[in-house]
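Asks: For reference, the chains in residue letters:
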Amino acid sequence: MKHVRIHLVVNGEDYSLFITPNRVLLDVLREDLELTGTKEGCGLGKCGACTVLLDGRPVHACLTLALQADGCQITTIEGIGEKEVHPLQEAFIDKGAIQCGFCTPGMINTAKALLDANANPSEDEIKQAIAGNLCRCTGYNKIVDAIHSCGCQSEKEKGEVR
Amino acid sequence: MRIRPFDFKAAVSLQDALIQLDQSGPDAKVLAGGTDLVLNMKKKKILPSTVISLHSIKNLEYVEEKNGMIHIGAMAKHADLAINPILEKEVSILCQAVGLIGSWQVRNIGTIGGNLCNASPAADSAPPLLALDASVVIATLKGDKIIPITSFFCGPAQTIIKSNEILIKKPVNPSAGCYLKLRRRKAVDISLAGVAFQAETDPTGKRIGQVKIALGGVAPTPIRVPDAETCLTGLCIDDAFKKIALCAQKAARASKPIDDVRATADYKSTIVNVFVQRCAQHVLTTLKNQRGKS
Numbered sequence: 001m002k003h004v005r006i007h008l009v010v011n012g013e014d015y016s017l018f019i020t021p022n023r024v025l026l027d028v029l030r031e032d033l034e035l036t037g038t039k040e041g042c043g044l045g046k047c048g049a050c051t052v053l054l055d056g057r058p059v060h061a062c063l064t065l066a067l068q069a070d071g072c073q074i075t076t077i078e079g080i081g082e083k084e085v086h087p088l089q090e091a092f093i094d095k096g097a098i099q100c101g102f103c104t105p106g107m108i109n110t111a112k113a114l115l116d117a118n119a120n121p122s123e124d125e126i127k128q129a130i131a132g133n134l135c136r137c138t139g140y141n142k143i144v145d146a147i148h149s150c151g152c153q154s155e156k157e158k159g160e161v162r
Numbered sequence: 163m164r165i166r167p168f169d170f171k172a173a174v175s176l177q178d179a180l181i182q183l184d185q186s187g188p189d190a191k192v193l194a195g196g197t198d199l200v201l202n203m204k205k206k207k208i209l210p211s212t213v214i215s216l217h218s219i220k221n222l223e224y225v226e227e228k229n230g231m232i233h234i235g236a237m238a239k240h241a242d243l244a245i246n247p248i249l250e251k252e253v254s255i256l257c258q259a260v261g262l263i264g265s266w267q268v269r270n271i272g273t274i275g276g277n278l279c280n281a282s283p284a285a286d287s288a289p290p291l292l293a294l295d296a297s298v299v300i301a302t303l304k305g306d307k308i309i310p311i312t313s314f315f316c317g318p319a320q321t322i323i324k325s326n327e328i329l330i331k332k333p334v335n336p337s338a339g340c341y342l343k344l345r346r347r348k349a350v351d352i353s354l355a356g357v358a359f360q361a362e363t364d365p366t367g368k369r370i371g372q373v374k375i376a377l378g379g380v381a382p383t384p385i386r387v388p389d390a391e392t393c394l395t396g397l398c399i400d401d402a403f404k405k406i407a408l409c410a411q412k413a414a415r416a417s418k419p420i421d422d423v424r425a426t427a428d429y430k431s432t433i434v435n436v437f438v439q440r441c442a443q444h445v446l447t448t449l450k451n452q453r454g455k456s
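Chains A and B are the protein sequences, given in the same order.
Each step along the first sequence adds one to the number in the working numbering, with nothing skipped, and position 79 is 79.
Each step along the second sequence adds one to the number in the working numbering, with nothing skipped, and position 194 is 356.
One chain only, chain B, in its complex shape (with noise of 0.2 Å):
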């Protein structure tokens, strides 16, 4: 399987990225880990006249702990997020995602930028960074965008712009996180459905604080689910307990997934409820179970 011809772009810097992507055409890609534009180029699905690689950028692959922040380069490879500390132990929720993500040689390779730039609206990356009300940076010739996760997909496969770093805020409370995926084999598969389900504490940890669940594969683009979410704020936990099944019901009815030929929209919706359920239990339990110990 061959590659048509390209002109190749080595951008030894983001600035240089951008001046480089703005005198191409417009069909010009930029390369992360390539596991997404690579496959595309071999299928003839996407034939660049221009590929720009991040490759040589050096220090795109951090991640950092700044007043509160947490600050993750694009290039961070998914492989060394999984089982990163500072995200084990704030976010655990994005290293259970990204540990999901293709085989260990796709998460060796694949980068988190080009996961969500990608845009597959199955993307395993981004109902996790939903759930934690993330920030996407996005570098332009004019300086530096800031803009919420929630705004960046605008369709299957389409984002604003692309971006350079991802911004999570560092829960302050008591929190656990869950993400579970629907897959039809036990691994290498894109996700079905997947769902993130990150609940915080009030400051006391007897009540809830904020709960952000956040839907992957069962709409045009990876989506929050408030009418959901708020079925729990508020509550004690015991109480909130007994509203699982109501949480999960409305997340089912925000759903909006398609036929195709993995499953059809009832069984995923079906799913979606499920998981919903699973995952509220889990969390639910971890944050009783912290309260226990504190």
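Pulled out of the complex, with its shape left as it was, chain A reads as follows (with noise of 0.2 Å):
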């Protein structure tokens, strides 16, 4: 197995990458780019543990061979918030949206996609939007809430949430 060359930009840093094709994402992320805060859940696409953001937009980060992420940007938990508390996780914090907390970065992600195309979701929105993230925890209540809090507050800020 020959191996490639590839370019992510993640978190707003270049990576230039030797790789085998049969890695995924997640793996590369984890492994070879030491950013542990994307967690693998089942590796199967079912749980959303491993969700990161690709090109804005959250995808399962276990499904996706690192291959297909060339050239792309990508977005993991460390490169939210990274100068400070991004409203999204005080929000969790304040409203307890953490359990054991191996969802939170998945959720996360995808409530910052969610956030980003649509500064002031409905709870359904929410709970559809999420509806690939599970929390084995069932803390769903607060995480809605605290996603809906952080929609209001973006709403009053008029988009200033980052």
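Hints in this document: simulated from the structure, not taken from any laboratory.
Errors might be hidden in some of the hints.
Unchecked claim - Now the in silico label distances, taken between C-beta atoms and shown as ranges: (1) B/K207 - A/E125: 33 to 43 Å; (2) B/Q185 - A/V85: 52 to 62 Å; (3) A/S122 - B/S175: 35 to 45 Å; (4) B/K368 - A/D55: 19 to 29 Å; (5) A/Y140 - B/K220: 21 to 31 Å; (6) A/T20 - B/Q443: 36 to 46 Å; (7) B/G187 - A/S16: 23 to 33 Å; (8) B/Q185 - A/F18: 18 to 28 Å; (9) A/S122 - B/E227: 45 to 55 Å; (10) A/S122 - B/R346: 36 to 46 Å; (11) B/K220 - A/G12: 45 to 55 Å; (12) A/C42 - B/D421: 47 to 57 Å.
Claimed, not checked - Far from chain B, some chain A residues (derived; all Cβ distances over 12 Å): (13) G12; (14) P21; (15) D27; (16) G43; (17) K83; (18) I93.
As the list claims (entries may be wrong) - If you want a taste of the chain A side facing chain B, the calculated C-beta under 7 Å gives, among others: (19) I19; (20) T51; (21) L63; (22) A129.
Idealized CB from N, CA, C, for every residue including glycine.
Dock chain one against chain two, each of which comes alone in its own frame, and use the hints as you go.
Replies: This is the structure in structure tokens:
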């Protein structure tokens, strides 16, 4: 199996990597770039724990070959609230929307993409958006609350949310 | 979960993809979004020696309207199709169906071409395309071939060949469509049964012109049910409401579901009956209201 060169822009930083084609984005992020904030849950595209943003859109890093992300912008949890805590992260803390925390990176990524596209989503729209992110502690109410409060807040601030 | 090694080729054009495919072994696979292929490679269900990726080919993600036809590129993603203004206006049934595929994460990378070529009997994009009498453009080294989507599927996970474009004729007369899917969970689940119902009035807007009903998940391939369709064709809209029950019965009878882990065959047939009734009610009411407005 021949190695191939790929270029990724992860959290704004350029990476040029030499990888074998059979590696998924999740493994490259965790093992090669040591960005272990992205979690592997099921590894089969069912739980959403590995959700990262590929050109701003949530995708499963476990089902995306790293090669498919060649030339793309990737945002992981490390890239959100890098300098100061992101309002979404603050909302999750305020509302107690974190129990074991394993689903949180994926949940925040999906929620961020939702709020970027729709600054003030309804409860239904939030539930639709995070349908692919499972929380096995089942703390969904608080998670929906947190995203909702952040949405309302960003509406007030007229999109000042980063 | 590791994926077995394979050779990777990134096609730079459709022609290049065809040549690469021709030169690779019979177990070579074409990669579109990968939500099925990569999953099956992880599960060791598919072990290709070569994977030919289409993601470097530019301009395969379009939705265009040309001379009364809607052209959809095979690499168009479900999430984009679900909110595409051309599709929403002309063939909203397709938007409804692809918007129900998997999760947001899956819809953001999964493609309509991949969904069709994977040929799951329960693929959500198939029933609406059958109900829209879509055609599939197939690129071959000898040139493009256009075939009706009805002849595209030949068995579970089997198609005659790979497609590169989907063609839908724009409805000429007032039309409406509805897609309903039964699943065990409200989200992120494959369909137990899917019903796509598309109807068009005649040019006067008073009578039902063509009715097309397609079923997913209840036969080895997605199917059309012509016997059920003809029950409503040619009737005044008001009369058509009275024939809904008969139409639904015929659709249920034409379905050939199997017992499996998800549900029994009996239950699936019953669901087809109920869903055809609900779809028909919705579509006929929409057509009636459209007429009221014009």
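Asks: Could you tell me which of the hints above the structure violates, numbers in ascending order?
Replies: Violated hints: 4, 5, 6, 9, 10, 11, 12, 14, 15, 16, 19; rest satisfied.
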